[in-house]
Each structure stands twice: as structure tokens, then as C-alpha cells.
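In case it helps, our numbering puts the sequence shown at residues 23 to 87.
Calculated directly from the structure, the hints in this document are not laboratory data.
Glycine included, each C-beta is placed from N, C-alpha and C at the ideal position.
Treat the hints loosely; a few may be bogus.
As the list claims (entries may be wrong) - Here are the simulated distance ranges between beta carbons:
1) Phe47 with Asp69: 15 to 23 Å
2) Asp69 with Gln42: 28 to 36 Å
3) Glu61 with Asn82: 25 to 33 Å
4) Ser54 with Phe77: 17 to 25 Å
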Amino acid sequence: MNAPETKVLERQVPQFLLRQQPARFGWWSDRSLMIVKGEETMTLDADDMRALARFVEGCNVEAQV
């Protein structure tokens, strides 16, 4: 599972905001997303991702009000 790494220029983002470890992402045929960061692994299925999208959308609406 090789995901492209993102690079951020230090002069654009304060040092304390930079990610210490890049995350790796994998998309599986059963429509689940695996996220690996260091020793930690998380898998989100389609229902989890829909719930996450609703949560983020709700946060955006609250921020605009």
C-alpha cells in the first residue's frame, strides 16, 4: 500500500502544526478505507465514512451560523 506523501514547506506552516509522521491510506474493494499512521491502524467502512461526512458537514454549518 503506497500512498503519495504530502510535503509542506516549513515557512508556510508553523512548525507546531506540521505532521510528525505521514499517514498512509489504502482503499479496499469492499469499499473500506484503511489509515495507517506509525503503529496505529484504523479502518472505516462505508457507514463510518457517511457518518464522518455528516459530522463534518454539521460542523461546517454550525461554524457559518
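Going through the hints against the structure:
no.	hint	result
1	Phe47 with Asp69: 15 to 23 Å	holds (18 Å)
2	Asp69 with Gln42: 28 to 36 Å	holds (30 Å)
3	Glu61 with Asn82: 25 to 33 Å	holds (32 Å)
4	Ser54 with Phe77: 17 to 25 Å	holds (18 Å)
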